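Spelled out from the first residue to the last, the chains are:
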Amino acid sequence: SSWWSHVEMGPPDPILGVTEAYKRDTNSKKMNLGVGAYRDDNGKPYVLNCVRKAEAMIASKKMDKEYLPIGGLADFTRASAELALGENSEAFKSGRYVTVQGISGTGSLRIGANFLQRFFKASRDVYLPKPSWGNHTPIFRDAGMQLQAYRYYDPKTCSLDFSGAMEDISKIPEKSIILLHACAHNPTGVDPRQEQWKELAATVKKRNLLVYFDMAYQGFASGDINRDAWAVRYFIEQGINIVLSQSFAKNMGLYGERAGAFTVICSDPDEAKRVESQLKILIRPMYSNPPVNGARIASMILNTPDLRKEWLTEVKGMADRIISMRTQLVSNLKKEGSSHNWQHITDQIGMFCFTGLKPEQVERLIKEFSVYMTKDGRISVAGVTSGNVGYLAHAIHQVTK
Amino acid sequence: AYRTDEGQPWVLPVVKKVEQMIANDNSLNHEYLPILGLPEFRANASRIALGDDSPAIKENRVGSVQSLGGTGALRIGAEFLRRWYNGNNNTATPVYVSAPSWENHNSVFMDAGFKDIRTYHYWDAAKRGLDLQGLLNDMEHAPECSIFILHACAHNPTGTDPTPEQWKQIAAVMKRRSLFPFFDSAYQGFASGSLDKDAWAVRYFVSEGFELFCAQSFSKNFGLYNERVGNLTVVGKDADNVQRVLSQMEKIVRTTWSNPPSQGARIVATTLSSPQLFDEWKGNVKTMADRVLLMRSELRSRLEALGTPGTWNHITEQIGMFSFTGLNPKQVEYMVKEKHIYLMASGRINMCGLTTKNLDYVAKSIHEAVTKIQ
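Protein chains in written order, with the numbering used here: chain A, 1 to 401; chain B, 1 to 374.
Hint data in this document are derived by calculation from the structure and do not stem from the laboratory. Honestly, I wouldn't trust all of these hints.
[As the list claims (entries may be wrong)] Examples of chain B residues lying across from chain A (beta carbon under 10 Å, computed):
| hint | residue |
| --- | --- |
| 1 | Leu28 |
| 2 | Glu31 |
| 3 | Asn86 |
| 4 | Asn89 |
Please read these numbers as outputs of a predicted model, since none were measured by experiment. Ideal Cβ placement from N, Cα and C applies to all residues, glycine included.
Next up, chain B with everything else stripped away, as it sits in the complex:
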């Protein structure tokens, strides 16, 4: 979760404003939302992902399912794919998850009934970057129709994203091999500070004619973590296909949670449909993204100034909330036990935990860990 420079949670100012508006609106009640969710939320959420000028939206071949966070969107998508993709109830369709990935990806698809969950090469520990060749090679050899979970931006946990050129190569292979793209977009806007930039990959795939799913989370970019605001965007060949897909997703939703929670959806819908509030929101998002970017550059410059062995450009080249520092488990143990700095055994740090007050200490500690422990 995002933290301010004081190390505190941050409720976005625009969210506070909109919540007050909702509280003052006596015409609102707590009635059930439709099964697929609040219509104004669904349309706006998909529009944010695909862009105002999206051909898919213009051609009316986009569907949306309001979900309980990004996790809920992934799960509804996974349950639908298990029932209807690549035949009927084909639990043998391989599902590819990046190595490494968010651990819950595995569980979501497993609990949805998929029996063959595999990894695709992603993180190159030696060069601390994307193993593009490994990734493309895995795609070349994946059985046709395999499902690939792609991080739209700000890859969790590595913070390493393909460049636009690399995404083009990925798309080309996926098209040729008939692989299904299931995007996980949990950080749109939060990664680079630009909604459009962070959605580039998803939109490129759409422009290349793919049918795809995109699980969106508004937990981070709206700071609405505990309201569980998410959306599953479905892009299909035409309106008729999308309609039938949505009707079956409705059945899945009905036995999972019946209909989604209204509070968070109302906040997002109200914000996205007002030009003023939308601008305000983009400003709030940029505030968060900028602070993280600042922490990255400040950490890197300190490490370089200290002469910490190794290269540290990956700290600023990586993007989003997380960074794979490259620290090994022993060095991590040193950080935790001796310096009381908590990070994952994988060397992943949450950049949001850095503040102007602790930057020096963290940089010095990393320097010690790297020089003292091999």
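The following block holds chain A by itself, in its conformation from the complex:
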């Protein structure tokens, strides 16, 4: 007999399942809109030019493969902090922060979650927006935290339920943890406007909540890295000492290289040093020290003026293509004769779009048109091209007319 007879089969990953089904489909017109990775206008993965250049530069330096420090590559973590906080940030310039390299967004979130579990004694409760990225819940749960929610998405309008969010957040018990998506909310694509962010900041400050920002799309949302980091920077300026996860998977196309960072804004540099020492104690029994490749590439790009400039242009290029696909989808739907209001498609921002499609409609899209998306009606706009946007509009119109 086996030690494992009682081990249950784990459920298939909902998003991977979409891609698996897509792969099996033989329809030449098939579209994979589940993929959470950028595609160019030919539907192909896109390796940024600045990444290729950085790789060539790194190769020519013939560096060794010695272990990184537990907290990661210093040039990378400093550049990541500066990118998020802004070079003029008082918190950054005074050194009252600590940034450690994490395994992309997930790894950074998990380090943060474990850190809060161990050192944030005031509460076990983490408040997520409804809905949030599917992996947030299990990450915090595995770290030993409890999950709560605040209203966020209004399915009637396919936009932000601001009054609902404000009402819920103003009732959150003091000293709870609230998670906010810095920009390009996943999965809805619905972000607060700047005036709304200001009200949110005032409220979380009044409730004395610990703010955890997840920023996986800086630069990728609007095309402007400063604009996308506005909320993060505003909160800090308001005296809110946030914690922050960053990912370079999407904005640098470094998905499989796992480049990310976790930051804690502290009262002063001394506190930052103490926090850093505890983060290292958490990281060491997880994987000892982080992988170098992605961090080196990101660091090379951020710290080399020419490459940084090129990166900003390329990131804007990706964001612009997404925005253009949104526009084309809406205009194509109009051309198809759809009488529905599809404004939310262009109002929403980032890689994902909550179409508002119901599960039955999604099922028809998959079965009748080979258009693959998750059951919640979320599409990855990155999977739309000028070559297939017409077909997509046609399919959506057929199941919604």
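Given the coordinates of chain A, work out where chain B should sit on it, guided by the hints.
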């Protein structure tokens, strides 16, 4: 970490070659790997540990999880065991770590949620060797189902491994007492210079029908330290059990790092799946192992020539990167303060730090420490 005779880090020639191949391959991109890792890496990595002719592989009852180094593999294994081994979420299952062991073993299992981490006798300081009786005795008295962390080869920090005969005795007790073997294999190939020899213990346990985990690191034997290349090999009773185990490990990976880094895995997979590159790699590994073996024999012969009090055969009998010299803390302090030779208070030295240029100085210093300080 390994050092050359010039005291420098060494990027393996085969690694340089393969990295160039990868850089020149324009069909490659940076897309996500699957959650469990690069398939060609996983299969090859487990094959290296278990052997080409492994019955477990033939019977399709081996699973693999690409991990962030050996540490990552240990952690995924530990997290899985805490959730699914010996009942559900049984944090009370005793976990046994050798005395001494790599300090991080303790932290890995503690952070995975185990509440009862114990030591098993291992190093006999008096005779400077394995305390086999103590070890077997601990296993006899360990509660059934206890987890034992076993070093596959090149025990860290003592460099003292059981002989094949001793491993057989260990396996017999573990089978009888229903103890779970969790191998930590960080030095395969690096220890003796032979991949097969260094994997003997793991393969023996498999042949004895054990279900086991083996955390593999490619940090040392590929010199890929900072790329974080590791693999958790799972050997189960049958394919169905292994499949279910892997599906649950996937859930654990998803909340820890989502999917593993691709660069290091690509290098290893490319190397292991090409007969030429594989041979080249084995040659590089032997180069490293041979240099360490040479340093061991040169150090021992110098100490014996100097007439340094005590016996020094343990220097060549021990294996791998580390050696427990037998120096006591006071003697170590002398080495550090007076001779500027840095070693651990435990008397552990990293053999990779020895070079043809410093052998004489180190031998003389040890001689002084031992004769001057009691």
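So, going through the hints one by one against the coordinates:
1. Leu28: holds (9 Å)
2. Glu31: Holds. Min distance 5 Å.
3. Asn86: Constraint on asparagine 86/B satisfied, holds at 8 Å.
4. Asn89: violated (12 Å)
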